[in-house]
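Quick mapping for you: the protein sequence lines, in order, are chains A and B. Residue 353 in full-length UniProt numbering is what sits at position 353 of the first sequence, and the numbering runs on without skipping anything. Residue 183 in full-length UniProt numbering is what sits at position 183 of the second sequence, and the numbering runs on without skipping anything.
A few of these clues could be false.
Copies of the same chain look alike in the list, so a pair counts if it fits in one copy or across any two.
Below are the EDC-like pairs computed for lysine to aspartate or glutamate, each with C-alpha atoms no more than 20 Å apart in a straight line [to be verified]:
hint: 1; residue 1: K67; residue 2: D122
hint: 2; residue 1: K95; residue 2: E108
hint: 3; residue 1: K96; residue 2: D107
hint: 4; residue 1: K96; residue 2: E108
hint: 5; residue 1: K96; residue 2: D115
hint: 6; residue 1: K247; residue 2: D279
hint: 7; residue 1: K346; residue 2: D279
If you're looking for bench data, these hints aren't it; they were derived computationally from the structure. Computed from a predicted model, the values in this text were never measured in an experiment.
There are 2 protein chains.
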Amino acid sequence: MSTDASRRRDVTVADVAKAAQVSKAQAARALGNYGAVSEDVRERVLAAAEELNYRPNELARSMNTGKSNTIGVVVGDIENPHFGLATRGITDTAKKSGFNVILVNTDEDWAAEVDAVRVLLDKRVDGLIVAPASSVETRHLQDVHHSGRPLVLLDRTARSLNVDTVAVDMESISHESTRYLIEAGHSRIAFISTLRTDDSYATGLSLGSSQISDRRDGIMRAFREAGLKEPDDLVRFNADGPETIKKITRELLQLPDPATAIIASDGLIGLSVMEAIQDLGLTIPDDVSFLMYDDFAWTRLTRPPLTVIAQPVYEMGVAAAEALIRQIQGRKAPAAKPEFAATLVKRGSVGGPSGGKGSHHGRRKENLPAT
Amino acid sequence: MSTDASRRRDVTVADVAKAAQVSKAQAARALGNYGAVSEDVRERVLAAAEELNYRPNELARSMNTGKSNTIGVVVGDIENPHFGLATRGITDTAKKSGFNVILVNTDEDWAAEVDAVRVLLDKRVDGLIVAPASSVETRHLQDVHHSGRPLVLLDRTARSLNVDTVAVDMESISHESTRYLIEAGHSRIAFISTLRTDDSYATGLSLGSSQISDRRDGIMRAFREAGLKEPDDLVRFNADGPETIKKITRELLQLPDPATAIIASDGLIGLSVMEAIQDLGLTIPDDVSFLMYDDFAWTRLTRPPLTVIAQPVYEMGVAAAEALIRQIQGRKAPAAKPEFAATLVKRGSVGGPSGGKGSHHGRRKENLPAT
DNA sequence: GTGAAAGCGCTAACAT
DNA sequence: ATGTTAGCGCTTTCAC
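Sequences and hints are given; from them, build the entire structure.
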């Protein structure tokens with residue numbers, strides 16, 4: 001029980017100084033521990049501060065130092081565990097270095113993102129970590145970079161932007177996964193993504209998100225290398241709600257020449273795709289093979305367990321934060337920038353094709369859950 | 001291309017004022033739009049600001065106004081979709097009212113929570129939304145409340161704290177769910193929770209989290225009402241990593257008088273419990289019945305789909321934000337504080353105790369070829 | 001309506 | 001080592 005609990009005005013250095021019988025400057029030095037302060041004074045000031053329950057006003061402090069000790073994080077969808085994990089990596093790392101994190105959700109909406117970046121800048125964050133909704137519309141990020149504020153891109157790269165970027169090599173893992181499907185006998189492989197684009201798909205179309213276009217490129221390269229016809233008609237974007245995704249899935253599966261395998265571009269999409277498949281009364285992997293990005297824990301619980309593309313999300317969050325903090329502290333870039341690789345985790349959702357055409361069951365299923 | 005892009009110092013009102021040939025005060029008024037400004041001046045100032053690419057310094061602004069237009073949110077685990085969704089409800093609502101959100105993760109660690117609250121207060125947030133790790137150790141929250149800063153509790157209540165709280169009636173839904181299990185024939189029902197506590201379980205033990213103690217109370221009440229012996233030996237806490245949870249699950253299932261039904265206190269626990277059950281070669285609901293809190297999308301994808309307790313998490317986030325903003329704006333409490341109710345979503349993971357004979361909950365496609 | 005000047009709470013010269 | 005005096009960029013009296 002110290003003195004009276006509630007106080008109208010906040011306690012300031014001036015109050016502490018008065019109580020400790022020293023100048024405001026000395027009190028400030030002791031409190032902020034910088035400059036030279038004698039042991040005696042330091043003790044008196046700290047005691048007074050304690051007694052008065054003094055709390056520094058970080059705003060005022062930030063205003064003169066120019067540092068807010070805060071980093072801003074802009075993600076598309078905090079509800080998505082993918083970002084949840086990444087965010088955790090960021091905050092854990094930031095905390096370790098004494099930084100706070102301001103999180104802003106953009107709903108993968110470009111305008112919201114522009115806004116978020118502006119707000120964060122106005123709040124004078126020391127740096128920004130952004131998972132850009134678009135890899136093409138990056139004016140707002142260019143501005144950040146040009147203004148000299150530390151910036152790190154997460155998850156998605158932006159070619160026109162020469163800034164630290166923490167992301168996995170999507171083209172390569174996409175290629176590997178597709179080859180895996182092709183080797184399992186598939187030649188009608190669909191790809192569903194949330195990417196918002198007005199244009200309908202066309203080969204070589206410049207996509208707004210490098211992440212997605214890299215995946216598409218990987219898929220198509222695998223097809224070309226296998227000498228197969230590229231399944232351009234099975235690439236679908238704008239898969240935004242569960243209903244849309246289900247509808248797309250149904251279409252894909254009921255085409256005259258239907259998809260025999262589906263790749264979901266993230267866990268949320270995967271969820272709806274699987275529901276649609278179940279609703280259709282189809283079985284994985286007998287009727288359709290399924291592969292998805294994001295190795296969520298629940299993917300081990302389904303029957304069969306899902307074959308997924310795992311990304312070291314938490315570690316990427318950590319790396320992004322580290323890179324940003326390094327920039328903020330003005331240290332030079334690390335010797336080698338960490339390379340993150342996604343891995344194909346083969347479980348049980350990929351089998352051979354069986355659709356309308358020749359269903360060669362010759363190929364054996366993946367390792368099924370032990371009974 | 002306006003003038004030179006990068007500038008050493010930020011543009012301030014003074015710069016704008018000079019450019020617009022007015023006093024600093026007038027420029028500030030026009031920019032912050034308050035006070036009286038003539039049309040002519042306003043236009044000139046705005047034009048100049050635009051030209052100079054002026055951005056207000058929110059820190060300085062906050063310093064005089066005392067408002068930061070920011071609300072702080074403290075949650076235990078951002079990685080948990082439960083909080084992810086709630087957070088989304090909060091940010092969506094906050095944005096609508098022009099508030100920004102600072103998110104801090106505490107890892108359900110009490111010390112980290114105390115720290116988080118302090119940091120947020122130091123940053124002069126306008127208000128706080130906290131999902132308290134403990135319902136007992138609430139000194140830091142008491143302080144917040146006493147200091148007059150708006151505060152809203154989310155998810156968990158704190159009896160000793162008379163502040164706006166947004167949470168569901170856990171005792172009641174827990175009671176309902178337990179009765180449901182009892183009616184299905186179970187009398188050996190286990191409950192697993194992450195709650196950190198040093199004491200081993202004992203009836204009536206005062207638990208740190210009201211959420212958890214309410215659930216336990218609901219369970220026990222159902223047992224008493226049914227005239228059954230309360231399964232005190234099946235209540236387990238400190239279930240913190242996947243391995244711990246699996247171990248606990250195994251123990252529970254291999255007791256001389258084993259549990260025939262398990263209630264997982266959240267989705268993350270549920271995941272590991274299910275894995276353990278699968279590892280044991282047991283089948284749900286034939287060998288064990290399973291019920292869990294949180295209606296995550298993937299619970300519809302398992303075989304059988306899971307019977308869960310759904311909470312209106314997003315709506316609760318919205319309500320919490322609304323309540324907080326109301327406090328911040330000094331408006332009075334609403335006529336009736338919204339009551340949130342969890343609902344028992346009966347799917348297929350609950351059956352009878354001795355081998356699915358009481359399995360009246362199956363749906364059509366539920367018992368598909370799991371093997 | 002407008003401008004001069006006084007802060008907000010703190011840090012940062014600059015003296016002493 | 002300590003105190004004095006300026007600011008940081010903005011809002012806010014308070015005169016005019």
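Discussion item. For a quick check of understanding: which of the numbered hints are violated here, in increasing order?
Written reply: none
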